[in-house]
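What follows is the residue order along each chain.
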Amino acid sequence: MAKRGITLYLHVHQPLRVRDYSVFDTAIDHNYFNDPDPLSDRNNEKVFRKVADKSYRPMNALLEKLLAEHDDFKLSLSITGTFLEQAEKWAPDVIASFQRLVATGKVEIVAETYYHSLAFFYSRTEFERQVEAHKTKIRELFNVETSVFRNTELAYNDSLAQWADEYGFKGILAEGWDPILDWRSPNFVYQPEGTKNISLLLKNYKLSDDLAFRFSNKAWSEWPLTANKYTEWANASIEDSPLINLFMDYETFGEHQWQDTGIFDFFEDFVGRWISNPDNTFYTVSEAIDANKPVGELSMPATVTWADAERDLTAWLGNSMQQEAMGHLYALEADILRTKDADLINDWRKLQTSDHAYYMCTKWFSDGDVHAYFSPYESPYDAFLYYMNVIRDLRWRLHETHRTGALNG
Amino acid sequence: MLGWELPPHNSGGLGVACYHLSKALALEGASIDFVVPYSAPHDNIDYMEIHNATTLSPLDRYGMGAYDSDFTVVTEPGSTVTDVKDIRGVQRHYTKYVERLVGRKEFDAIHAHDWLTMEAGIRAKQLTGAPLIVHVHATEFDRAGGNQGNPIVHEIEYQGLMVADRIIAVSDITKKIIVNKYGIPADKVEVMHNAIDPTSFDDGYTYDNRTYRYLEGLKEEGYTVVSAVTRFTIQKGLEYLVRAVAKASERYDRIALLLAGDGEQRNELIELASELGISDRIFFTGFVRGKQWRDAYNVSDIFVMSSVSEPFGLTALEAAHHDNALIITKQSGVSEVLNSIFTYDFWDIDRLADQIVGIATSDALKNSLKENVLNEYAQLSWNDVAAKCMTMYKSTHKARERVFA
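Sequences listed follow chains A and B, in order.
Count the first sequence with this note's numbering and you get residues 1 to 409, in order.
Count the second sequence with this note's numbering and you get residues 410 to 814, in order.
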């Protein structure tokens with residue numbers, strides 16, 4: 001009988017935010033991502049340096065320490081291409097620290113789209129190109145191959161699983177959402193409907209979100225959360241099942257939950273407690289799949305994500321601004337790719353990062369749940385206007401430089 | 410002359426009208442003391458004496474525009490006026506200043522512009538017995554755009570209009586409101602349409618086709634650019650314009666809309682455009698000044714004044730100067746002085762869409778509208794307005810002398 005294991009998977013990502021790009025910049029200035037204002041929240045370098053200090057450096061140091069102390073401690077990371085490019089420019093030591101983690105052999109890299117995009121829902125060919133680009137980047141920097149896939153925002157459905165199966169991935173990640181699971185538990189491995197060789201790992205959202213969202217919430221009845229209490233919950237959850245899949249943003253540690261909330265100490269304490277029980281261990285995502293045969297088939301015909309009470313794509317594609325913006329962007333695919341202009345193609349891809357659409361989300365106006373959303377813009381409307389102006393500028397470049405496409409989209 | 414703003418420290422048309430009217434009056438021989446509620450240099454004005462009623466900077470005052478009655482004043486560091494929380498506080502200081510001014514200097518007439526300065530005007534008349542002329546550029550009914558409006562502002566307007574010896578309305582539309590809504594006798598109100606001083610545009614500006622480069626690109630592809638240069642408030646009827654552009658786009662796909670300005674309705678308009686699926690055709694510039702403002706007129710082919718209620722509408726004349734074909738609501742005063750324009754009722758989206766498509770698809774129509782309106786707007790002169798004002802000053806002064814004789 002295999003040990004009871006926690007599959008810890010952390011998602012590392014930074015988008016390239018669009019600066020305040022006005023009508024007056026359009027067709028004149030092709031710089032979209034470098035905000036000259038050092039204090040602006042759209043200044044990607046500023047944001048990156050801040051998060052590096054608050055989260056990436058201290059958390060990687062802690063992970064390195066725990067990996068050295070505990071043979072059984074393991075984890076998985078997905079690291080986006082847009083993150084890696086920024087880290088290479090502004091914090092090469094952070095890249096080096098991730099490389100040291102991977103070199104221990106106990107840290108698995110999970111595959112995804114290079115640009116953290118929703119391309120799967122717009123263009124299958126573009127989506128595959130971005131998965132390839134990510135694989136290549138990971139190979140170059142870490143000298144490893146990826147074999148388990150996660151889609152942006154954990155946006156998952158049966159046809160994605162079927163694609164990943166045919167592509168050759170052995171595993172795929174998704175949200176363990178009650179309305180889908182019904183009586184079933186997320187603490188087992190499943191097989192996606194209509195697939196042959198791929199396994200499905202489901203996020204235990206209760207235990208994951210206790211850390212990611214609730215840890216520092218003083219209004220929460222369980223605050224303050226101690227490692228002791230959390231270990232009890234984990235023991236209760238895993239009874240009669242093999243796994244607990246804790247999936248969350250890497251930035252939970254230090255950025256979403258600041259150091260002064262005690263998150264780092266909590267985490268170190270918890271890892272030690274969990275492993276002190278000889279029946280317990282940690283798994284990488286591949287090991288979790290290798291150690292556990294699927295207990296049954298699971299179908300998710302409609303797309304499920306890890307966001308909001310709805311667990312759907314409405315935070316990204318729910319309103320007409322988001323739909324228009326993405327529609328116009330992806331409509332440029334053929335014209336952009338035909339140019340073979342690397343700068344233009346890269347800019348177009350950076351605009352596919354899902355965060356851009358997220359900043360245009362208005363549904364929290366009705367939810368009243370403003371604090372659940374973070375945006376560097378004054379309003380979703382500003383985010384939309386800047387973004388539309390950038391799309392127009394892409395068209396301008398196509399038109400002026402490459403004589404392909406018309407300005408009218 | 411009691412005003413609230415003068416260029417370049419103006420938030421809208423009121424300051425422009427006051428500037429040109431005063432200049433023309435000075436040419437007619439009037440000696441003018443002009444009171445503004447802030448302190449700032451007006452180096453461009455040498456034809457009258459400008460009084461700064463407070464030490465507030467125009468930045469303190471910008472939010473207050475000449476138009477909004479509900480806002481708070483954020484005092485700039487360094488201001489010596491510290492007890493001012495809102496526009497009423499500024500008005501209090503303004504009135505006190507005017508009281509002191511009329512105490513040390515004699516005036517033949519008091520000319521007060523809009524509700525902002527009416528209380529000061531009433532006070533000056535009480536203290537000096539000089540005739541009070543109230544010049545109405547907009548009423549609270551216009552600003553409220555069909556809503557109730559602020560009752561305090563209504564009351565001040567009513568008092569000012571009652572106490573005034575004579576009233577100047579900037580259009581027949583405005584005169585009707587003054588008579589019908591405030592119960593003022595019609596013969597007390599004289600209509601003097603605003604004018605435009607084309608020489609004020611001769612400042613070395615040239616259009617370089619660059620500011621709105623993308624729109625210029627669209628024009629090369631056969632697009633017609635429709636524009637509105639305005640504040641985004643309910644009064645301006647922009648929602649109807651956006652809907653009309655959506656309708657027009659169904660029939661003719663080469664139409665772009667430039668919305669130059671900013672205001673409380675902006676987000677609503679952005680959302681509406683995306684619901685109608687025409688975000689890509691609309692260009693939001695934000696607040697524009699100087700060259701960007703001039704260029705907005707220049708890149709445009711059709712200027713639409715979509716106001717639900719517009720006492721005059723100076724921007725239409727500015728657009729005419731910059732070679733635009735004009736479409737103006739029947740609810741805008743400026744339509745009373747122009748013939749070579751299309752007009753529509755502000756709610757009539759179908760008609761507006763028709764007119765836009767009609768102009769966009771016929772160069773002959775577009776060009777004749779542009780050329781003919783150029784001739785018409787050039788006939789409107791501030792000198793004529795000033796001459797009428799001088800006659801009014803003299804007649805009220807004489808009437809009063811007779812009364813007191």
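None of these hints come from the bench; they were simulated from the model.
Idealized CB from N, CA, C, for every residue including glycine.
Hints are supplied without guarantee of correctness; some may be wrong.
[Unchecked claim] Here are some, though not all, of the chain A residues that point toward chain B, as calculated from beta-carbon distances under 8 Å:
#: 1; residue: Val23
#: 2; residue: Thr26
#: 3; residue: Asp29
#: 4; residue: Tyr330
#: 5; residue: Leu332
#: 6; residue: Ser379
#: 7; residue: His399
#: 8; residue: His402
[What the hints assert, rightly or not] Estimated spans, in silico, between C-beta atoms of each pair:
#: 9; chain 1: B; residue 1: Glu629; chain 2: A; residue 2: Trp220; range: 36 to 44 Å
#: 10; chain 1: A; residue 1: Thr136; chain 2: B; residue 2: Leu774; range: 57 to 65 Å
#: 11; chain 1: A; residue 1: Trp364; chain 2: B; residue 2: Ala435; range: 41 to 49 Å
#: 12; chain 1: B; residue 1: Gly631; chain 2: A; residue 2: Ala133; range: 35 to 43 Å
[As the list claims (entries may be wrong)] Below, simulated DMTMM-like cross-link-like pairs (lysine to aspartate or glutamate); rule was C-alpha separation at most 25 Å, straight line:
#: 13; chain 1: B; residue 1: Lys628; chain 2: A; residue 2: Glu400
#: 14; chain 1: B; residue 1: Lys775; chain 2: B; residue 2: Glu684
#: 15; chain 1: A; residue 1: Lys363; chain 2: B; residue 2: Asp612
Here is what the structure says about each hint:
Because the closest C-beta pair between Val23 (chain A) and chain B is about 5 Å apart, less than 8 Å, the hint holds. Hint on Thr26 (chain A) holds. Least Cβ distance to chain B is approximately 5 Å, under the 8 Å limit. Violation of the interface hint for Asp29 (chain A) is found here, the shortest Cβ-Cβ separation to chain B being roughly 10 Å, above the 8 Å cut-off. A least Cβ separation of about 14 Å between Tyr330 (chain A) and chain B goes past the 8 Å threshold, and the interface hint is therefore violated.
With 8 Å as the threshold, the beta carbon of Leu332 (chain A) stays out of range of chain B, its nearest partner Cβ sitting at about 12 Å, so the hint is violated. Checking Ser379 (chain A) against chain B by beta carbon gives a least distance of about 6 Å; that is within 8 Å, so the hint holds. Hint on His399 (chain A) holds. Least Cβ distance to chain B is approximately 7 Å, under the 8 Å limit. Because the smallest distance between the Cβ of His402 (chain A) and any Cβ of chain B comes to about 14 Å, over 8 Å, the interface hint for this residue is violated.
In this structure, Glu629 (chain B) and Trp220 (chain A) break the distance hint of 36 to 44 Å, their C-beta atoms being roughly 59 Å apart. Range check, Thr136 (chain A) to Leu774 (chain B): about 58 Å between beta-carbon atoms, so the 57 to 65 Å window is met. For the pair Trp364 (chain A) and Ala435 (chain B), the beta carbons lie near 56 Å from each other, so the given range of 41 to 49 Å is not met. A beta carbon spacing of about 38 Å between Gly631 (chain B) and Ala133 (chain A) agrees with the range 35 to 43 Å that was offered as a hint.
A C-alpha spacing of about 14 Å is found between Lys628 (chain B) and Glu400 (chain A), which places the hinted pair at or below 25 Å, so the restraint holds. This hinted pair does not check out: Lys775 (chain B) and Glu684 (chain B) have alpha carbons roughly 30 Å apart, beyond 25 Å. Our distance criterion of 25 Å between C-alpha atoms is broken by Lys363 (chain A) and Asp612 (chain B), whose separation comes to about 48 Å.
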